[in-house]
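Trainee: Here is what each chain is made of, one letter per residue.
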Amino acid sequence: MAEEEEKEVTLLGTWSSPFVLRVKWALRIKGVEYNYVEEDLRNKSPLLLQHNPVHKKVPVLVHKGRAIAESSVILHYIDEVWPLRPLLPHHPYEKAMARFWCKFEADKLSPPLWRVLTTRAEEQREAQASSIESLGLLENELEGKKFFGGQTIGLVDVWLGALAYIIPIYEEITGLKLVDQSKLPRLCGWMEEFLSSPAVEGTLPPKDMLLPRYAAMREAFLAKAKGPAQQ
Amino acid sequence: MYSATGINCTPMAGAVVEDVKVLGLPLIPFVIRVLIALRLKRVEYELVEVQIAEPKSEILVKSNPVYKKIPVLLHRGKSICESAVIVQYIDEEWSDGSGSSSILPADPFDRALVRFWAAYIDDKLPAPVRALRWGTEAEKAAELAGQIRQALGLLEEAFVECGKGKGFFGGDAVGYLDIALGSCLGWIRALEKAKSVKLLDAEKLPRLTGWAERFLAEESVKGLVPDADEYQKFYAAAEARTSATPAA
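Taken in sequence, the protein lines are chains A and B. Counting with the working numbering, you get residues 1 to 231 for the letters of the first sequence. Counting with the working numbering, you get residues 1 to 248 for the letters of the second sequence.
Derived from the structure by calculation, the hints contain no laboratory data. Watch out, some of these pointers could steer you wrong.
Okay, derived cross-link-like pairs now, DMTMM-like style, lysine to aspartate or glutamate, Cα gap no bigger than 25 Å in a straight line [to be verified]: (1) A:103 with B:92; (2) B:193 with B:137; (3) B:78 with B:49; (4) A:103 with B:123; (5) A:56 with B:156; (6) B:62 with A:40; (7) B:69 with A:8; (8) A:95 with B:93; (9) B:21 with B:219; (10) B:69 with A:126; (11) B:78 with A:180.
Just a few of them, taken from the derived set where beta-carbon distance is under 8 Å, the chain A residues facing chain B [unchecked claim]: (12) 54; (13) 68; (14) 96; (15) 103; (16) 104; (17) 106.
By construction, the Cβ of each residue, glycine as well, lies at the ideal position given by its N, Cα and C atoms.
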């Protein structure tokens, strides 16, 4: 299509996906122009199915006709193709640490946060404690740093960034505190810095659309957990 | 002292600078990945076997306090965890600049391809392999075997794009994706034997079958991927211990 060929980069995404946002931020930081295609995941486009046949998910980055899927893979790709304003540090050990914290988020933070949103009572309390423990490790990582990447936004900031707007939404929906300023002051500061940075400004999904969406997810999961007999 | 991410310790007087230790066990595929990567780079290392069941070895807990899992690479007083992170570290730390011993390809798109499939392997293989191994009823077992076969089927196809007509996923030489999948070959063969099920079926997956033979014959790999019988011995011993434990 003529439109798609004007810019050689296309991003397939959905408005609400934090994984897609990671890629948007990276492209913004690098100053890369791109076409954006909004996907309806209940009615996946031929383009999406063609470019990500394995997972059929977003984000997908298409560059010079070739598709890259999985946000972690995409972020590395972007950093390597457009090396100015690097996301990853230079030193192999620092690189390893950045990758480690991304994996940590996926393994040890995202799952309990999800359970905070989608469970109640004892299970939810445990999830809250688990989330706060993991957030505590991130708090330690910020010592002496403005961003996880140092003075500028790096891979870990882009990876974790969605938490800056999602956590307050979870707190509002569930009434539970996750990032207490008195206990996690650096993380609080980081969230503010990140959200007000040029790369992020204007990119967030509208809160008045996102909050009902997450609230509805909570209701759906709680209803399912109750089981048909008890509804 | 020990931090959340690693240990910082002063090397002993007279210690070799390139002192490399791997905390792990020789049967674990994720550990095998690290050992193959070090071999490819011709880096001497010491495999320090640790206790992963409770109570875990102190050195493991101190060097990987977040996950308390193997493998862990100890190098220059730092610890690096997670096999994918470690293998990339090894590739970057011991890079000779010319790219001749590169584990990941040079081209960013090719790198993305191998990272994608390596993530796919970790997403789709370990869970059903473990679930199938530790015994389950026939219907569930068939489903799990099907999941494994399906994943291998996609990798059979991926071999074409990644290998570009050569003998390995990495082309002429063993690379990142060869390591990611190849380290699991012993696991897969052991499962086939133990459960009398075909997973890496030579008829259905001819490319992977040929690749597996070549991979296991490679100098850098020889002796690192245990065969089915070694796994069987280990599982039998583990099962004996479990059944010997008196019920609570």
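Trainee: Keeping to a limit of 25 Å between CA atoms, is the pair of residue 21 of chain B and residue 219 of chain B held or broken?
Mentor: Given that 25 Å is the threshold and the Cα spacing comes to 21 Å, the pair holds.
Trainee: Is the shortest C-beta separation between residue 68 of chain A and chain B less than 8 Å?
Mentor: 5 Å, holds
Trainee: Does the alpha-carbon distance linking residue 193 of chain B and residue 137 of chain B stay inside the 25 Å limit?
Mentor: Since the Cα atoms of residue 193 of chain B and residue 137 of chain B sit roughly 17 Å apart, the hinted pair holds (cutoff 25 Å).
Trainee: Could you grab the alpha-carbon distance between residue 95 of chain A and residue 93 of chain B and see if it respects the 25 Å cut-off?
Mentor: 10 Å, holds
Trainee: Do the alpha carbons of residue 69 of chain B and residue 8 of chain A lie within 25 Å of each other, as the hint requires?
Mentor: Violated, because 42 Å separates the two Cα atoms, which is more than 25 Å.
Trainee: Let's test the interface hint: is any C-beta of chain B closer than 8 Å to that of residue 96 of chain A?
Mentor: It holds, given that the least Cβ distance between residue 96 of chain A and chain B is near 4 Å, below 8 Å.
Trainee: Does residue 103 of chain A pair with residue 92 of chain B here, judged by a C-alpha cut-off of 25 Å?
Mentor: Holds: residue 103 of chain A and residue 92 of chain B sit about 19 Å apart, inside 25 Å.
Trainee: Hint check: residue 78 of chain B vs residue 180 of chain A, CA-CA at most 25 Å. Holds or violated?
Mentor: Judged against 25 Å, a Cα distance of about 31 Å means the pair is violated.
Trainee: Going straight from one Cα to the other, do residue 78 of chain B and residue 49 of chain B come out at no more than 25 Å?
Mentor: 18 Å, holds
Trainee: Mind checking the alpha carbons of residue 56 of chain A and residue 156 of chain B for me, to see if they're no more than 25 Å apart?
Mentor: 19 Å, holds
Trainee: Holds or violated: is the Cβ of residue 106 of chain A closer than 8 Å to a Cβ in chain B?
Mentor: Hint on residue 106 of chain A: violated, closest Cβ of chain B at ~11 Å, above 8 Å.
Trainee: Below or equal to 25 Å on CA atoms is what counts here, so check residue 69 of chain B against residue 126 of chain A.
Mentor: 22 Å, holds
Hints 6, 7, 11 and 17 from the earlier list are contradicted by this structure; the remaining hints agree with it.
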